[in-house]
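Undergrad: This is what each chain is made of:
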Amino acid sequence: MTLEARLTRRRSTGFTLDVELAAPAGSTLVLAGESGSGKSTVLRLLAGLERPDAGRIALGGAVWFGATDWLGPGQRDVGWVPQDYALFPHLTVRENVEFGLRARRCTPGEVRRRVGAALERFGLADLAGRHPVELSGGQQQRVALARALVVEPALLLLDEPLAALDLQTRQTVRGELRSLVAGFPGVTVFVTHSPIEAMLFGDRIAVLEQGRVSQSGGREELLTRPRSAYVAQFMGLNLIQGRVLERRPDGVTRVETVDGNVTVAGTEGRGGPELFVAVSPRDITLYRSAPDASAQNLYRGRVLEMVPEPPFGERVRVVLDTHPRLVAEVTRSAVQHLGLGEGQEVYASFKATGAVAYG
Amino acid sequence: MSLGVRTRDTVAAVAVRVALGVAMALLGALLVLPLLALVLRVPLATLAGQLGKRVVVQALVLSLEASLIATLVVVALGLPAAYLLATRQFPGKKVVEVVLDLPMVLPPTVGGLALLLAFGRAGLAGGALQLLGLSIPFTTLAVIVAQAFMAAPFFIGPVRAGIALVDPRVQEVARTLGATESYGFWRVVLPLSLPSIVAGTAMAGARALGEFGATITFAGNLPGVTQTMPLAVYVELQRDLDTAITLSVLLLLLSFGLLLALRAGHPERRR
Chain E
76 MTLEARLTRR RSTGFTLDVE LAAPAGSTLV LAGESGSGKS TVLRLLAGLE
126 RPDAGRIALG GAVWFGATDW LGPGQRDVGW VPQDYALFPH LTVRENVEFG
176 LRARRCTPGE VRRRVGAALE RFGLADLAGR HPVELSGGQQ QRVALARALV
226 VEPALLLLDE PLAALDLQTR QTVRGELRSL VAGFPGVTVF VTHSPIEAML
276 FGDRIAVLEQ GRVSQSGGRE ELLTRPRSAY VAQFMGLNLI QGRVLERRPD
326 GVTRVETVDG NVTVAGTEGR GGPELFVAVS PRDITLYRSA PDASAQNLYR
376 GRVLEMVPEP PFGERVRVVL DTHPRLVAEV TRSAVQHLGL GEGQEVYASF
426 KATGAVAYG
Chain F
719 MSLGVRTRDT VAAVAVRVAL GVAMALLGAL LVLPLLALVL RVPLATLAGQ
769 LGKRVVVQAL VLSLEASLIA TLVVVALGLP AAYLLATRQF PGKKVVEVVL
819 DLPMVLPPTV GGLALLLAFG RAGLAGGALQ LLGLSIPFTT LAVIVAQAFM
869 AAPFFIGPVR AGIALVDPRV QEVARTLGAT ESYGFWRVVL PLSLPSIVAG
919 TAMAGARALG EFGATITFAG NLPGVTQTMP LAVYVELQRD LDTAITLSVL
969 LLLLSFGLLL ALRAGHPERR R
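Sequence lines, in order, name chains E and F.
Each residue of the first sequence is one higher than the one before, counting from 76 in my numbering.
Each residue of the second sequence is one higher than the one before, counting from 719 in my numbering.
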């Protein structure tokens, strides 16, 4: 029961979506990206709420959309949980969960049995008689999930399921949602703009930029080998793009960028001249005056901005105007020790072994 | 200096208050005084006799019957129209909307004349109706047609707006859960737009009840057949002022009750 989708959709606004996705049963595919990148549109196309201009959607043996096939949303085996959940405001929790089964004309006995089990499983039994407006954000989310899952879909579409929750409930609900998604036998497509959620939920992550998948891969790959400025920023990494200047026999390679040179201990990948260099902000050391140590990569610049990292208090991201541009992450005691402040001139360095270079 | 500013502020504030007060007083005189005058002139001593008068009873019964049926017709035909207008795009939609709104601003006598020219004996559809053995003008059916014609926009307008306000995502969720369009309409769209449907029904009912110009033009003024309460008021004005006042106050109470029930009847919907 693998999901395979190739989707093209042109909007009259000039926006074009063009993506290819695949995910096996039991796995979660995260679609990550900024608002306007086309994430929600992908879900709407998969749900059958919009029709692609071209492409193909297949789940297992069933073709939902193809050259000659088209299944409407009701004929697809799909559970769609939109942003803010869109619960039926005039129906009770029980009636919300019953909706899909009754629309599919299940017998009253079956409706009662399956809805009862779902309410129990989602911890909603005591809330069955309430209306959505009387529920907390977390409870509303459970109702939306129960409503979508009670019909036992093969594809579960979650559109920013945690975005509507306040920070405190989000952490609790995130844990619950993870075990739920992990136990779901079908394919889950999870849309988010949060790197943490992408890491926690995604077996595979596809990053969308302006309607295209700019990179897709496993957590580890995206976390360490970003291939676009946006992915790097999403993952919180420094990414430098350049060309090989010199490759020594011991593997040490000098990379030329538009903005200064970088030395790395080795390279991986195709071995072509174009390279990405990723440096974790934690591997960058800051000095007030030029260090004596023989750091290969040493850059001078000013502190542009200092941003405390949540949970606040422990670490600070220091944005520099070095060439190439770098962001360092240091402890608060280091900030105090160095007397760092915005506008301050500093030296930043990282070891050749602290950078990952790949083609 | 600051005193001067404050004084000017105070003067401006007082001026606004006076202007608002004068406007309210004038509006009150315009809207409330006539109604008050009507109610104060109710012939209490002879009221029982007035209420028992044949012309009053006939007009009351006919008005209630005709406007009830006209309202049901408006709801039955107007609800699908409102749903289509709220959910579909089609060429010429704007023109259709304006045409549906027209009876609201048209002089009722013009409406009545138009109905006569359409459904009258010599009218556009008159021949076809005659083949069916139907002759509409100057019958109770004509009263109902005239009332429905004039009242329809008062239903379609608010209901259309109410249906358009139903969150499209809620309807989309219903579709992904396997609901057909009609199942989604009955189970989601209708309950969520019910307040506007109730409001539109009451407005259309009140409009039908008060219909005069189109009725007298298209249906005539036959006591017991087409003489509704507004028509009876007009006739009695020249015969017996107390009867006219009694009928008027009855109409006033019916309309007042209808509109009040509409406000009180549906508490703010859960959101």
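Think of the hints as simulated: they come from the structure by calculation, not from any bench.
Nothing here was measured: the structure is a model prediction, and the numbers come from that model.
We put the beta carbon where it would ideally sit given N, CA and C, even for glycine.
Heads up, some of the hints might be wrong.
Below, a sample of chain F positions facing chain E; criterion: calculated Cβ distance under 8 angstroms [unchecked claim]: (1) Val888; (2) Glu890; (3) Arg893; (4) Leu895; (5) Phe903; (6) Val906.
Undergrad: A closest beta-carbon separation below 8 angstroms is what the hint needs, so does Leu895 (chain F) meet it against chain E?
TA: holds, 4 angstroms
Undergrad: Taking 8 angstroms as the limit, does the beta-carbon of Phe903 (chain F) come near enough to a beta-carbon in chain E?
TA: violated, 12 angstroms
Undergrad: Any CB of chain E closer than 8 angstroms to the CB of Val906 (chain F)?
TA: holds, 6 angstroms
Undergrad: May I ask you to test the interface hint for Val888 (chain F) with respect to chain E, counting a Cβ-Cβ separation under 8 angstroms as satisfied?
TA: Since chain E brings a Cβ to about 5 angstroms from Val888 (chain F), closer than 8 angstroms, the hint holds.
Undergrad: The hint names Glu890 (chain F) as touching chain E; please verify it with the least Cβ-Cβ distance against 8 angstroms.
TA: Holds: closest Cβ of chain E sits about 5 angstroms from Glu890 (chain F), inside 8 angstroms.
Undergrad: Should the hint that Arg893 (chain F) touches chain E count as held when the rule is a Cβ pair under 8 angstroms?
TA: OK, holds: Arg893 (chain F) within 8 angstroms of chain E, min 4 angstroms.
In this structure, only the earlier hint numbered 5 is contradicted, and the remaining ones agree with it.
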